[in-house]
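Number of protein chains: 2
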Amino acid sequence: MLGETESVKKITKEAYRKALPELELRLSALQRRARERAIPILFIFEGWSAAGKGTMAGRLIHPLDPRGFTLYTINPPTEDERLHPPLWRFWPKTPSRGRIAVFVKSWYRGLFPGGMGELPAGDSTAGVLRVDEINSFEEELCREGAIIIKYWLQISKKEQKKRLLDLQKDDATKWRVEKEDWRQNRRYDRIIKNIDDMLEDTDTEFAPWTIIDAHDRRHATIKLLETAAEAIERRVDREAAAAEPVHPQMKTEPVTLAVSVSPGESPLDAADLTLSLGDEEYRSQVEKCEKKLREIELELYTKRIPVVIVYEGWDAAGKGGNIKRLTERMDPRGYDVVPVAAPTDEEKSHHYLWRFWRSMPKGGHIAIFDRSWYGRVLVERVEGLCTEEEWRRAYREINEMEEQFVRAGAVVIKFFLHISREEQLRRFKERESVEYKKWKITPEDYRNRSKWEEYRVAITEMLLRTSTRHAPWHIIESENKHYARVKTMSIAIQSIGKALRKT
Amino acid sequence: MLGETESVKKITKEAYRKALPELELRLSALQRRARERAIPILFIFEGWSAAGKGTMAGRLIHPLDPRGFTLYTINPPTEDERLHPPLWRFWPKTPSRGRIAVFVKSWYRGLFPGGMGELPAGDSTAGVLRVDEINSFEEELCREGAIIIKYWLQISKKEQKKRLLDLQKDDATKWRVEKEDWRQNRRYDRIIKNIDDMLEDTDTEFAPWTIIDAHDRRHATIKLLETAAEAIERRVDREAAAAEPVHPQMKTEPVTLAVSVSPGESPLDAADLTLSLGDEEYRSQVEKCEKKLREIELELYTKRIPVVIVYEGWDAAGKGGNIKRLTERMDPRGYDVVPVAAPTDEEKSHHYLWRFWRSMPKGGHIAIFDRSWYGRVLVERVEGLCTEEEWRRAYREINEMEEQFVRAGAVVIKFFLHISREEQLRRFKERESVEYKKWKITPEDYRNRSKWEEYRVAITEMLLRTSTRHAPWHIIESENKHYARVKTMSIAIQSIGKALRKT
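Chains as they are written, first to last, in my numbering: chain A, 464 to 966; chain B, 464 to 966.
Wrong hints could be hidden among the right ones.
Copies of one chain are not kept apart here, so a pair can be met inside one copy or by any two copies together.
[What the hints assert, rightly or not] In silico DSS-like pairs for lysine-lysine, Cα to Cα no more than 27 Å straight-line:
#1 K751 / K787
#2 K825 / K473
#3 K632 / K766
#4 K903 / K656
#5 K625 / K944
#6 K811 / K556
#7 K620 / K914
It should be emphasised that the hints constitute simulated quantities derived from the structure, not laboratory data.
All of these numbers come straight from a predicted model, not from anything done at the bench.
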């Protein structure tokens, strides 16, 4: 893509002065229109050192209402950030509906932890972001309605050298030139090939790159503002023409199915709900598990492995008690229980996965989710809280997110607590009759119960589509609570143990 | 306070086994009752190294529903945290209504950055928290409805030494003993005096300390659970007896007034709204200011000074345009504009200052608030969105927060943009008649306008009560926008310049 830039493009001062005010007005109006339509916009500035990323970002925001955007300068990850998957630090920075986020440097740095365009040494890919992870991330944001506008600021090796020398000459700017910048200049010819690959591999339909010839500031500014305005206009105009908001045009590939689902059969059917454990055996097994879990927790901590445990299940299947038992003897400094309720309004104004990224454990810690992102394909699907298109693509988005965790070294364990419809009713009745359990039961529980069949279909599809090699589902027969508790503990021990042996 | 602990307290295994289950049931029920009443609870575990803080926290949470609490282990501050005021990292961890936060180590470490009980060397107090800051922090949380339960786990010098040796003997635990722990033991007799001072100085009515003799684990556990249950019960019972939630009993001292306010006169009256600037002078002054601001921004950055700029003012006073002008030529990487709207539901479930702490700038950065925490004593007061008791105490709480920023090295600059009632009407009309300004005007603006007098009283009281030496208000005559913009820029330059010269 960079091969195409031929000679240096320039624009006269006069033409610049003439074009600028109109362009700025146009952009400023577009910011308002995008805000009215609640469209989130992401601008990404990447480029060679000294290509003028900061300056260009400044030119872009000049006409914008400063209350409507946030600018982020991305530095190398902190220690805390390095203990999370590479995209973790970017998720909280994605803009809410109607806002603009401007990134000076971005997640593209994650492809090259040794410096922009420098391939990782050897074949160590720990902590290195992958092109397909970036593409998925950007695609997901776009599918939820975002516009992503990406700029690569291109200058020649000679021009870069000249700028670095100029910066060094001036006392006010010489602190900005670092060793790495000179190294980049020396290795320019090798690096440009890797950057070209990066641009090609991430030049997608939904988030294309714009290469800006940055030799001439005036030319670059005009090009920048024009392309920004066009990108926003295209979308806003299309939405204005349509009756309601439309998402950007994309190849809407059908979700590829791992397994075909026939409504009649379900992995739930295979669960033997008569399985149970007597008091004595329960106690002895639990004790063993507890001891083992505590050992494992310490080992996890010293090896800095993050663990994600997901609990889903029917109402009254015993999630709370099960989590309590699992964590009972664990060191409380090592785990967090994350209860997931309906999203708050702040959460609703972001991508639906945004809030879960916030709770992802860092290396050495365990996060236990009491309900989770699977709400999208369960309650939100059944209750019509999202569109069919939205829950359909959620399977892939979720699989990709979990795969990212695993690639970043995490263990992902998913439990579905299964009980029969009769047992559920029995437990509801019990809750109503026992004083200290009454708070647990609400009319909503009965409402959900009346939709048992619809939930069964949604659960079945979820189990089939999101049981992956890296993050399989475990169906926990929970008719007998003792049995269920020992089973989840054993699976947790097994799954984590496997990961520990690998290190 | 520690002098009072005499001989080691013990409890037999039998008595322990008998007392424990009942106590745990009681606590578990209290957790539910507190959740129903939306009471946030904070537990703080402090104590000597090896006194068993982690173990005791584990005993406390054992009977609790893990979905209802979060446990935080407090480590020394990270670099990012050190670039903020000392309480900044604790505010986000304060629990929302109905939740429990358990702190293993806490803000009390902030009093002694060199180690618990070690006085700071020399008279450098940079980054050191003060006792009165802690007391204010805890009082504010309590006044918003929180229960704070603080434990100091006490062991003797001899016992500590024995425990450290035991830990070192075991391969599984020896990594937990650090040099500092031995140093603490050697200096025990000196340190205990400082700790005693700390306990006495922060043993307040609203958040008293409970000293736990931690030599015997069983005794400590029972004492811990008993005092926890009592503290929660006292509050929950009182609330149940009252018609509606009550805040904990406290000396409700009248807010001390810096100035007495008579409704007739206001600092607003002194503002000369005829002040204006012609086009030419405006342009030349703005240019000078811009240049200066850019220089200052760089200097701020290298000296790591944080700057907080607050904009308040009448509707249509020109806050947006003023901010735009101020930031126009600043390096966008150095500042953030924080637009403040009605709080989200997540924000509403915390202390009203919680959301502002999240946006506080770190050293070297500027945060510009378009509306701010002053909403409490302006719109929330006038519209009856909070109680009189709440806005009355807000003056002091706000003053204390701002003082903390200043103590931590920040510059706090507050602008009130003032216009006449006639000018406001003129601007409303203009907005209605100009196509691209229409979005700025809503029926609410007229509603607010009809309450001009009530707002005037609230503004006047705010200006008088919160114009402090460390963070004075600047009234900006904004009838003429040019004049207003140059004045804010000049004041910003002056205020920041003064801070820079001090370093």
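How the hints compare with the structure:
no.	hint	verdict
1	K751 / K787	within (16 Å within a copy, 64 Å between copies)
2	K825 / K473	neither (48 Å within a copy, 40 Å between copies)
3	K632 / K766	between (47 Å within a copy, 22 Å between copies)
4	K903 / K656	neither (61 Å within a copy, 49 Å between copies)
5	K625 / K944	neither (72 Å within a copy, 43 Å between copies)
6	K811 / K556	both (15 Å within a copy, 22 Å between copies)
7	K620 / K914	neither (65 Å within a copy, 63 Å between copies)
Hints 2, 4, 5, 7 from the earlier list are contradicted by this structure; the remaining hints agree with it.
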